[in-house]
Structure formats: C-alpha cells, structure tokens
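Chains as they are written, first to last, in numbering that gives the first Met the number 0: chain Y, 0 to 477; chain H, 0 to 477.
Hints listed in this document are in silico derivations from the structure and should not be mistaken for laboratory results. Do not take every clue at face value.
[To be verified] Here are the computed distance ranges between Cβ atoms for each label pair:
| id | chain 1 | residue 1 | chain 2 | residue 2 | range |
| --- | --- | --- | --- | --- | --- |
| 1 | Y | Trp429 | H | Asn461 | 22 to 30 Å |
| 2 | H | Arg182 | Y | Pro472 | 44 to 52 Å |
| 3 | H | Ser110 | Y | Gln338 | 55 to 63 Å |
| 4 | Y | Ser301 | H | Gly167 | 17 to 25 Å |
| 5 | Y | Asn125 | H | Gly167 | 32 to 40 Å |
All residues carry an ideal CB built from backbone N, CA and C; glycine is no exception.
Spelled out, the chains give:
Protein chains: 2
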Amino acid sequence: MKRTKIKELLATAPTGQSVTVNGWIRSFRNSQFLSLNDGSTLQNLQAVVELNALDESTQKRLTTGACISVDGELIASLGKGQAVEVKVKSLEILGDCDPEAYPLQLKNRPSLEYLREIAHLRSRTNTFGAVMRVRHAMAFAVHKFFNDRGFSYIHTPIITGSDAEGAGAMFRVTTLDQANPPRDEQGHVNHKEDFFGRETNLTVSGQLEGETYALALGEIYTFGPTFRAENSNTTRHLAEFWMIEPEMAFYELKDNMQLAQDFLQYLVRYALDNCADDLEFLNKRALEEEQAKPQDQRSELSLLERLKFVAENDFQRLSYTEAIDVLKNSNPNKKKKFQYLIDSWGVDLQSEHERYLVEKHFKKPVILFDYPANIKSFYMRQNDDGKTVAAMDVLFPGIGEIIGGSQREERYDRILKRVNELNLPEKDLWWYLDLRKFGSAPHSGFGLGFERLILFVTGMTNIRDVIPFPRYPGNAEF
Amino acid sequence: MKRTKIKELLATAPTGQSVTVNGWIRSFRNSQFLSLNDGSTLQNLQAVVELNALDESTQKRLTTGACISVDGELIASLGKGQAVEVKVKSLEILGDCDPEAYPLQLKNRPSLEYLREIAHLRSRTNTFGAVMRVRHAMAFAVHKFFNDRGFSYIHTPIITGSDAEGAGAMFRVTTLDQANPPRDEQGHVNHKEDFFGRETNLTVSGQLEGETYALALGEIYTFGPTFRAENSNTTRHLAEFWMIEPEMAFYELKDNMQLAQDFLQYLVRYALDNCADDLEFLNKRALEEEQAKPQDQRSELSLLERLKFVAENDFQRLSYTEAIDVLKNSNPNKKKKFQYLIDSWGVDLQSEHERYLVEKHFKKPVILFDYPANIKSFYMRQNDDGKTVAAMDVLFPGIGEIIGGSQREERYDRILKRVNELNLPEKDLWWYLDLRKFGSAPHSGFGLGFERLILFVTGMTNIRDVIPFPRYPGNAEF
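This is chain Y alone, in the form it adopts within the complex (with noise of 0.2 Å):
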C-alpha cells in the first residue's frame, strides 16, 4: 500500500481507514508506544502496538533512529497531546540502527557544534528539521515573490574571469598541474594553457552580469551561490553562501528602497503563515538560548515577536548624514561607550553603530541611504552633491545589514571616470561600460545574504547552523 506522509495524516479526519505510514523512530515507550517522524513535519505521529504483539527481537530492534513501516489503522488518540494515532496491525524494519553506535544517541542533548561534525545526520534532529524546511520555504518565497511581479530568474556565471566588483578575496579556479604547472618564458605561470585560457576564480556577485540582463528585460533577480575567500571565523560569515540580487531597470533609489521593505515583509510574513509548527519551535528553542544568558544581553522581543514587528511595521529611513548626527549626539558616543566613537561625516560605520540605531534608538529596521562615496562601491550612482552616492542598506534586528544595494551610475563619462579614478581595469570591464554606451537607462538593485534571512527568521545564532554544509576555512567536509 501506498504509504501516506505524517503530515497529511495528522490533518486527516481519523475513521478507522487503513493507511501505512514510514518513518524514523523518535522514541519507544512502554514497549507500546512508537513515536515516528519522517521529515513531512516537525510533529510526530503515535503507532500504538499490542503489548508483546512482537516477538522480542523485533522489540529490541524498535530503537531511536531505525526506519520502519507500519499498517494500521488511524484512529482517535485516547492520550493527550495528539488527535490521531496508528493502532498498528503489521510493522516491518527497513533500517536498524545500532544505539551503541548511532551518534545522535551517544550524546543526549547534542550541541550545536558537535552536530556541525555530523552534518549528514544532523538535519534528523527537530532543531535542523525545522531550519531547514524554513529555509525551503523561504527559497519558495522568494522566487514566487518575484515570479509574481514579473521578474526573471538569470543564472549569472560562478566561474567568472575577473574580479571587477572587488568585493573580496577570491577562490582560483583551474585545471593547471598544481606542483608543476606551465610557465611562460619569463617563468611565470602561463595561463592560457588553463580550462580557460585565462585566470578565472569563483564568482562573489553576479550584480555586473545581472545589470546586463536588467537592461533587456527589464526586471531580474540571481539566486545563487557566491564566495569569500576571507580567512574569516565568525558566526556571521561562510566562504560559500547563496545570495539574492535583483536589478532593475527605470528604478531609482527610492523605488528600490520600496522594493527592498516589500521583499522582506513578504518574505517573513510567508514564514509566518506557512511554517507556524516549525516557528513555534524555533521560538521555543530561541527562548531557552536566551535564558542561559545575563538579563541585560537578552533581546526584548521573542522570535516570533520581532518577525511579526518586522511584517507589520515601515522601515524607518534616513540618510547616512542624519544617521551620523543620531550617532554623534548618542550616549554611547557621548560616554565613549562605542569601540569606535563617531566623531565626523565620512567613517563607515560599524556594527556597534548600527545596531545602536535598530535596536535602542529607531527599535526597527532601518534603511541608510545617500553614503559617502569614498566607502562605496565604484558602480554607485553619483548624487549631485558631489560627495555622496545613491547607495542604501538595510539593517536588521540582531543581524546588522541584511540588504545593501544602490542607485547604479547609468551616466558613461561619470562611471569611466570613476573607474579611472579607482584605477579599476577599464579593459576588463568593456561589456560593462557597454551598457552605458548603448541605450543606458537609469536603474537599481540590491543583494541579500540567504543566510543572513534565514537567520533572522529562524533566531538561529551562527550562519554555520543554516546552510547544510557550511564552509569556512579549514572545513570542506561532505
């Protein structure tokens, strides 16, 4: 018989049917009770056998982590804390699993970094169970979000052949003989004996390529992976992360501000209303994590609070210039409490700044905009000001920026100045220039770091924790 998903059983009104269930073992109690799980839900559905129905190797058999298959019939839970429940009538084990071996059984509450060493199996725990199918579903979210306003997907390069963005380190990668590779006849390292016949590295944005496209259809997003090859160890960064960017043609700065609060708005309230069961968990769990710290370090608002103040609420905005008079006349900066004091226009902000804004003076997100151009990127657009650039970044409640995006310079003479300046390599960037030089149209976009939501969504605390297998120097793993 067909089997049905826990899932759809648990919603099922429960009439004696017969139905076969598969799953995983959660627990065995009283030689009677089985609780299964099989991924479809965070729950768990009760099979209820005989008493000593099973011979007793099969009993001993039924432990934590074993795979079974159970026919029975779905009938009203007579105990608490489910509606229906499987009586069983016949049961067959498709996997063992041996206790005496089986690592999540060997510790019993596993942590978080002992889990990140058996990653293959740590998505079977309720805490993983839960992040991951959040972050299913905000994937989901995300490109129906953009389905519906008539974006299209671009699959922008990983293997690209310059670091024009300069974004950050880079990841070579090649096919050259790595102890011995060719040289040219001044002994250095001939690349165009490699795969490409150049040195190519992994992509860290595909923004440059997604403005082209932006530029004839009108209104795209990438959704893929991008490095860092940042000798990096913090619970905010990973060498191999999935990011974001959408570009879009006839927007400016404040169109894509919009855009950038109508995104994530959509993108939590559908975790809101698609991963309650789930939510509820992570809220639990978030809960407890905060309670093992000093009163004063814990956050205000509980997980589900915070996704619900963000779905509900405006982003507050304001320009980089005002944010510099909120900091300077601050406590903080007043009583030189920040590691970094805020004492003039023009310093880039840190975290500590940041937060200060989102979470004791606006107590919301908050958008900064019209930056100094000195910190920002090359491709910025230029404002009339003569010193600032129509760049934006959102920030986020115990995430810091979540978003940053700009403006992009449609003008060729200001860019190819700006790119001079730089000393950027304007051969390089040809094709980018290009969409300057023919039909150029004014246009913005953004990128956000996946991890980066599905840690605000989740109340997750290290990014390592959100991704299946995380990278970050020294692991590659799996």
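Model the placement of chain H on the given structure of chain Y, informed by the hints.
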C-alpha cells in the same frame, strides 16, 4: 508618473487613459512610428509621434537600441498588427545608442555565433529574450512542482572535499600561490596550507549530499550549478551547467520513473500554458532553421507539436535487455549503419542507439531501466539477477538522455562490497556509508540537466545559447 509594463498595456482596454511607457527602440518608421520593447514580453508596443512634433536633433537620436520614456494616451490602434498603441504627448531620451557603434545594429541578422561574443547584449534580441523568459518560467515551474508536492529545496555544497561520485573531471578550487605553492618535506604541494586544509574541487553532483537530506526530510531536491572540467567542444556540453536532483526516501525504481515522467510533463505543459508568445516565436525560428537543412534531416514534428506530444503521451518503458533485443534486430544494425554495432548484452548505448529507439522505433520518449551493473555507478541498487542495477535513463527526441537516475543501494554490506570492488576511497565516503548504517531506507533519485531541458523546450540547438553566459574550454568572458 509610474511606468506601466508593455505586457500589461497590451492586455488593457484602451480608453484614452494617460500612460507612461519606458523601453528600447526596436524600430522607428516614417519619422512617426516607434516600436518599443521593455523585455516584459516579446511583443513591441507602437508609440505614434506626430509628424514634425519633434525637433530634428531629437528625431536623429531615436535610433534602434536607444532607451526612451514616453507619456501619452493609450488608444485603439488603427494600424494592423496591434490592438492598442500610445499616442505620444511627450518623449524623453534616457540613453542614446550610436548606430555606428551598436554591435546589434552593425550586422543585419547577426549569427548565433557572433551573438555569443556579445552575450551581454544578445538578451536584447527577440530570440534570446524569448529563450531567457522561457528559462525563467522553467526554473519557476521546477520549484513550484516540488513545493506543491512537499519536497524541500536543499542547497548542497559547491566546493567539495572529495571526488567520490567519479562523474567526471573536476576543477580545483584553491587559494595557494600558484607560482610558488607551499611544499611538504617530500616536496609535494602542501594542501594542509590551502584554505580548507585539504584539496577541494567544484562539485559534479549534489546527489550524495542530497541523499543525507532525503533520509531526514523524506523528499528533497537540489537545483544548483555543477561543473565538468572536460575538454568537450560540443553543442551538448558546458563546463558549468545547472542540475536538478530530487532524492526521495521510500521510492522504488517504478516510483522514480513515474516521478520523472510527471515532472517532465508538468514542465512542458507549464511552458505551453505560460509562454505561448515566446514559444510561437521560437517555433517559427526553428522552422526557418529546419528549412535550411536537407529534407531527410528535418524533424517530422515542429517544436510546438513535439512539446504537445510529450505533454500528452505516456513515456515508453523498457528494460535495457529488451532495448538490446530491439536494437540487435533493427535495420540500421543489420545493415551496419550504426557506427557502433550492437552484438552483445552489456555494451553501453551510444547516442545513435538512443535516438533510434526514441525517434524511429517508438516515436516517443523512452525510459530505459535495469542496466548492466558494470556500466553504472557504485551507488545504484543491485538487482537480484546479480548482473543489473535499478538504473533508469529518460531519453528525449533530439536531445538523447535528459534524465539519469536510479534506486540507490540501501544495504550496507552490498554497497560496501561495491565500493571496495571499485577501489573507491572508503574513508572519504564514511558519511555516505553512515546512511546505510543508521536507519537506512529504500530510496531513489535522478538528475535533470536544466540546459538540456531548455534546449528541448525552446528548440535551440546549441547548449551555449540557452544559458546567459556559457562556460566552455577557452571561454570565461563576462
């Protein structure tokens, strides 16, 4: 005023309402009729400028490729070929386009080969606009199909520590100094000093990691870039391409075959239902291309006919052994027309054989299953006959293999024996083998090459023309 997309305007009843349209000029006839495209649809919008309403210098700047913004009234069109048009009240040039320099203007009908060299602009042509909108629709349909069925999207790693699957040559990922890498005491390159503390490569498949999630969440799929460092200069291979790999617990081979058929039919139907304009255009394009071929090499069915046929007809299922019988007794085999003659059981099938089965013998998509173990991968489930495995390939007209998959070997002793027979690195596969040790379950999966699907749906014939920026030997431009 906020602009309205052309796709929307073309579906609006004209009542003389004021509208703003932005777009790129496709043509300007009789100093009066502007044909505008904004990428939202294949269709252009006609904007009518009153004769002599513009000064001469503005008229001169209304060249093909220039970007403009038009304010006017939406009225019923008097001319043929469109239901509505815009009567221009005012017009602004957003970006000029010098016709003497614009690459798309310089050649009358630029070849596909030439367009590959200007991949940053080719998306502005009707052909590539259509292909990329269809590509978007197919990507969205992939996510919708799986989401609707309760599958979770899993991002498997791009940078991986092992070449366990052996699916093909790999690209190395490294941050070591290429000219002068660190060496160990024996003079070998010291990989411990590399970013991840080991040798790493770009993934060739997410399957093995995907299986770890199937045995936790039940049904999952991947959709990400994969890589082959093979020196293939063909119309069917890319060094970087996107793959979709579902993996499902509790699926046997027959369930896997059914899912593959349901999936492909869903995608093709989705294209027919959602991309009518673009497919109509691509259908005509393909017919023109066909007419340049000798009569006997033309397809019997047009693109649209092929798509409808696949969407509506069951795929033919037959075992490898049955296929060998058909091929052995076929005319091309008996008349020695095959380059590789079929004389015995056990040989691998070549593309000529697959095409014969699909295009000549059955005249429909074919699913071959139960292949000889020796020509398939170690992880495929061993059948009781002792010589075949529960593998399957889906073969499509004009494309050949579009899907490859199998039931996976879930029995620990069986897979371990196979790993050792093939001298695969058991210690690198510890986590994969763990899945068979702890709560193993019957499970299956397959891989769909996304670009092969797009070739089939768009009728394009070179895989370099269905991905935004193709990567192949000697080419990583943009």
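Just pull the numbers of the violated hints for me, sorted ascending.
-> 2 and 4
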